[in-house]
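Assemble the whole structure, with the sequences as input and the hints as a guide.
Given next are the chains, with one letter for each unit.
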Amino acid sequence: MSAIAQLKPFHHSVPEIDIRSAVPVVRVAELLRHDPVLTLKQTKEAHVIIEEAWQAGLAGEYLAKAAKVFGVSEQQLAFAPGKETVRYRMDGKTPMIDLPRVRTRNGAKVKSDQRSCVALCIDDTPGIKYSSKVWTRVGPPELDLGCPLDKIRERTRMYRRQANICGDWFYDRFVALTKEVFKNNEPTETGRLEVTTVGLQVRGEPDEDAFDDWLLSNDSPNAENEDLFRFLAAAADLDIDLRDADALGPDCEWKSIPHTVELPSRRSDKASDHIDRYRELASRQFIYLVRKAGNEQSVVGIGFDDSGRGELASDVALKISRFMANRI
Amino acid sequence: MPKQRENGIRRRNATVPPGHNPFFTLAKKLCIPDVIPEVAKLRRPVDGAVRLALISMPDVSYVEKDFKWRKALPSGVHEEDVRRTLAAVSHADSKRMLVAFREALLFAVEEGNANIVCVSELGLPSRDAVPLQEAQQIAFEISCKHNALIIAGSSHDSRTMFNTGYLFHPTEKRATWAFHKNASAHKMGERIMTPARRRVLIVDAFDLRIATMICLDVVDYTTLASVMAAGDQVDVVLVPSYTLRFEKMQDVATVASQALPGVVALVNARLPVGSSFIAQCGVEIKLPAPSVLPGGAEVALLSLKIDELKEKRTQAKNDLHPYLDWMFGNRYIPRDLQGPRRF
Numbered sequence: 001m002s003a004i005a006q007l008k009p010f011h012h013s014v015p016e017i018d019i020r021s022a023v024p025v026v027r028v029a030e031l032l033r034h035d036p037v038l039t040l041k042q043t044k045e046a047h048v049i050i051e052e053a054w055q056a057g058l059a060g061e062y063l064a065k066a067a068k069v070f071g072v073s074e075q076q077l078a079f080a081p082g083k084e085t086v087r088y089r090m091d092g093k094t095p096m097i098d099l100p101r102v103r104t105r106n107g108a109k110v111k112s113d114q115r116s117c118v119a120l121c122i123d124d125t126p127g128i129k130y131s132s133k134v135w136t137r138v139g140p141p142e143l144d145l146g147c148p149l150d151k152i153r154e155r156t157r158m159y160r161r162q163a164n165i166c167g168d169w170f171y172d173r174f175v176a177l178t179k180e181v182f183k184n185n186e187p188t189e190t191g192r193l194e195v196t197t198v199g200l201q202v203r204g205e206p207d208e209d210a211f212d213d214w215l216l217s218n219d220s221p222n223a224e225n226e227d228l229f230r231f232l233a234a235a236a237d238l239d240i241d242l243r244d245a246d247a248l249g250p251d252c253e254w255k256s257i258p259h260t261v262e263l264p265s266r267r268s269d270k271a272s273d274h275i276d277r278y279r280e281l282a283s284r285q286f287i288y289l290v291r292k293a294g295n296e297q298s299v300v301g302i303g304f305d306d307s308g309r310g311e312l313a314s315d316v317a318l319k320i321s322r323f324m325a326n327r328i
Numbered sequence: 001m002p003k004q005r006e007n008g009i010r011r012r013n014a015t016v017p018p019g020h021n022p023f024f025t026l027a028k029k030l031c032i033p034d035v036i037p038e039v040a041k042l043r044r045p046v047d048g049a050v051r052l053a054l055i056s057m058p059d060v061s062y063v064e065k066d067f068k069w070r071k072a073l074p075s076g077v078h079e080e081d082v083r084r085t086l087a088a089v090s091h092a093d094s095k096r097m098l099v100a101f102r103e104a105l106l107f108a109v110e111e112g113n114a115n116i117v118c119v120s121e122l123g124l125p126s127r128d129a130v131p132l133q134e135a136q137q138i139a140f141e142i143s144c145k146h147n148a149l150i151i152a153g154s155s156h157d158s159r160t161m162f163n164t165g166y167l168f169h170p171t172e173k174r175a176t177w178a179f180h181k182n183a184s185a186h187k188m189g190e191r192i193m194t195p196a197r198r199r200v201l202i203v204d205a206f207d208l209r210i211a212t213m214i215c216l217d218v219v220d221y222t223t224l225a226s227v228m229a230a231g232d233q234v235d236v237v238l239v240p241s242y243t244l245r246f247e248k249m250q251d252v253a254t255v256a257s258q259a260l261p262g263v264v265a266l267v268n269a270r271l272p273v274g275s276s277f278i279a280q281c282g283v284e285i286k287l288p289a290p291s292v293l294p295g296g297a298e299v300a301l302l303s304l305k306i307d308e309l310k311e312k313r314t315q316a317k318n319d320l321h322p323y324l325d326w327m328f329g330n331r332y333i334p335r336d337l338q339g340p341r342r343f
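Chain order of the listed sequences is A and B.
Residue 172 in my numbering is what sits at position 172 of the first sequence, and the numbering runs on without skipping anything.
Residue 270 in my numbering is what sits at position 270 of the second sequence, and the numbering runs on without skipping anything.
Don't read these hints as lab results, they were simulated from the structure.
Wrong hints could be hidden among the right ones.
Said to hold, decoys possible - What follows is a list of derived Cβ distance ranges for each label pair:
hint: 1; chain 1: A; residue 1: LYS151; chain 2: B; residue 2: GLU247; range: 57 to 67 Å
hint: 2; chain 1: B; residue 1: ASP47; chain 2: A; residue 2: GLN75; range: 33 to 43 Å
hint: 3; chain 1: B; residue 1: LYS65; chain 2: A; residue 2: GLY204; range: 46 to 56 Å
hint: 4; chain 1: B; residue 1: VAL273; chain 2: A; residue 2: PRO250; range: 52 to 62 Å
hint: 5; chain 1: B; residue 1: LEU271; chain 2: A; residue 2: LYS44; range: 45 to 55 Å
hint: 6; chain 1: B; residue 1: TYR221; chain 2: A; residue 2: ASP91; range: 30 to 40 Å
hint: 7; chain 1: A; residue 1: GLN55; chain 2: B; residue 2: LYS41; range: 32 to 42 Å
hint: 8; chain 1: B; residue 1: PRO288; chain 2: A; residue 2: ARG309; range: 36 to 46 Å
hint: 9; chain 1: B; residue 1: PRO288; chain 2: A; residue 2: ARG230; range: 58 to 68 Å
hint: 10; chain 1: A; residue 1: GLY204; chain 2: B; residue 2: SER291; range: 50 to 60 Å
Virtual Cβ for every residue (Gly too), placed ideally from N, Cα, C.
What follows is the structure, given as structure tokens:
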């Protein structure tokens with residue numbers, strides 16, 4: 001280690017990080033395993049049916065349902081401009097049917113952004129039994145400044161309620177509309193996944209080590225960090241100490257996953273204007289508590305988002321959701 | 001005939017060490033992935049396919065130009081330790097290189113309609129170990145005229161002692177983006193300086209994130225780890241090369257493409273060992289037969305469907321080999337943590 005490095009202050013067991021706000025995102029999924037496995041043709045037929053229903057009134061129903069659950073008027077909600085159609089695309093080998101994103105307009109008391117989609121599994125590789133998923137994600141709109149830290153519980157509770165109610169409604173509508181297409185593919189197993197991710201936004205420019213040390217200690221969530229467990233318990237809507245293994249029960253585990261973040265501007269070498277023109281890519285860890293109960297899983301995680309765009313929590317949530325959903 | 005590349009790492013029952021990979025945690029911090037923001041102007045092609053041209057420049061007679069330390073060396077420091085050797089091109093050869101360079105770039109964008117052009121290592125025309133300004137101007141003008149991203153190869157530069165590559169994209173005012181080789185290929189006779197602050201240049205173009213690094217850098221764990229750490233946001237790695245061990249480099253490129261996962265393309269100089277190679281998510285992509293131009297350069301053209309690449313990337317992340325994921329920081333398979341313990 002160089003002398004310069006040695007002169008840098010070392011971090012205490014919990015580094016001091018000035019956290020200004022939190023961005024929670026909730027994703028819920030209904031999981032179904034069909035027998036026999038679905039075909040590509042069926043998924044395309046399902047898309048046509050959903051698209052036609054969307055044009056014939058499903059869009060209005062979806063908006064009305066969301067408005068009722070969000071507690072706003074329908075005029076205060078809008079679909080993302082230019083993306084009002086139901087999209088069909090491949091995500092890897094998986095056909096996806098994406099509904100348009102709906103979000104609250106400026107002026108609405110509640111700020112929400114909701115998207116529902118269906119991932120239809122057609123993978124018939126022997127030995128692989130992935131499920132189809134009906135997803136609904138609710139979080140703040142892009143560039144939202146997030147909520148105060150003492151509102152994490154309230155905000156995640158609100159998004160969770162929205163995601164669950166709207167997700168259940170969409171699931172029922174999807175199953176009813178596509179009943180004929182999938183009449184010969186009985187769902188043999190079902191499950192449910194709920195993923196809550198909280199991105200913490202900071203003031204100043206802490207480095208990656210400080211972020212990691214705040215979250216982790218010796219390959220474990222940092223037990224000395226009271227704030228970490230307070231925020232996590234709030235996000236999970238639990239009133240127990242998450243460090244208490246007995247209170248959590250045996251079917252719990254902790255996981256971590258990194259994600260890439262594009263920093264707003266170079267944060268070092270300020271002496272050089274040339275270097276300032278670059279944007280640095282950095283890696284940020286998120287830690288998750290996974291709770292299982294049969295075919296249901298609840299996953300709650302937290303990490304730092306210093307991206308400036310406030311989308312990291314949403315991106316990480318998607319990443320861990322994909323992984324967990326395929327393993328229930 | 002070269003043997004068929006084997007497909008990356010496939011054995012799934014390999015034991016994954018517990019915990020995190022400490023090498024990755026530290027190594028990734030030694031090299032910074034830097035994104036050039038301005039290149040976002042290069043939009044996704046209407047047909048959703050990006051055309052890639054790999055230009056293998058003809059091998060010229062490089063002269064090894066030695067640079068000796070002029071000051072008295074401290075006791076115990078050998079002259080060999082501080083000697084630098086750069087590849088220098090003669091006046092006549094540099095003129096020939098420039099003609100071949102211009103001809104190949106024009107062929108790539110005019111005949112091949114290439115959106116992205118990558119020239120081999122030491123393929124940027126230079127004279128007496130100084131890159132030619134004229135070559136850079138040609139690359140910039142062609143980039144602007146044809147709306148192409150051009151990685152114009154690299155050259156040894158006696159002003160910095162670096163092996164420096166240049167990247168050009170369409171702008172109103174020429175912006176020079178230089179990147180340097182981080183490892184010296186001393187067995188090839190190269191004795192360059194390497195940057196004190198390592199970085200990998202990443203560009204946003206055609207709805208893709210493209211990283212570029214020079215030859216041995218793709219073998220260097222530190223440099224590769226920094227790109228892998230940003231793997232969520234890197235789709236393609238372009239590697240201008242000048243190597244006689246091209247077969248070994250192909251193995252590295254294949255595994256790197258599997259770990260990313262994405263596309264890793266090697267563009268070697270026009271040498272008997274092979275000129276270009278592409279692997280996608282651990283599998284070699286067969287390149288069509290290259291065109292050999294009168295000036296001596298060889299141009300291989302390939303079309304990559306952007307959505308298809310993204311789909312394959314998603315699938316490869318789902319199927320990623322656990323050991324490979326551990327090697328590069330558990331980016332796609334969440335790592336198990338021990339439960340928190342209060343003392």
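Right, here's what the structure says about each hint:
1. Taking the beta carbon of each, LYS151(A) and GLU247(B) are about 59 Å apart, inside 57 to 67 Å as hinted.
2. Taking 33 to 43 Å as the suggested C-beta distance range, the pair ASP47(B) and GLN75(A) conforms, at roughly 40 Å.
3. Checked against the hint of 46 to 56 Å, the C-beta distance between LYS65(B) and GLY204(A) comes to roughly 48 Å, which is consistent with it.
4. At roughly 58 Å, the beta carbons of VAL273(B) and PRO250(A) sit within the given window of 52 to 62 Å.
5. Evaluation of the 45 to 55 Å hint for LEU271(B) and LYS44(A) yields a pass: the beta carbon distance comes to about 48 Å.
6. For the hinted restraint 30 to 40 Å between TYR221(B) and ASP91(A), the CB-CB distance of approximately 31 Å keeps it satisfied.
7. The hinted window of 32 to 42 Å between GLN55(A) and LYS41(B) holds, with their beta carbons roughly 35 Å apart.
8. Between PRO288(B) and ARG309(A) the CB atoms are about 40 Å apart, so this pair conforms to the stated range of 36 to 46 Å.
9. The hint said 58 to 68 Å for the Cβ distance between PRO288(B) and ARG230(A), and at roughly 60 Å that hint holds.
10. Evaluation of the 50 to 60 Å hint for GLY204(A) and SER291(B) yields a pass: the beta carbon distance comes to about 54 Å.
Violated hints for the displayed structure: none, as all numbered hints are satisfied.
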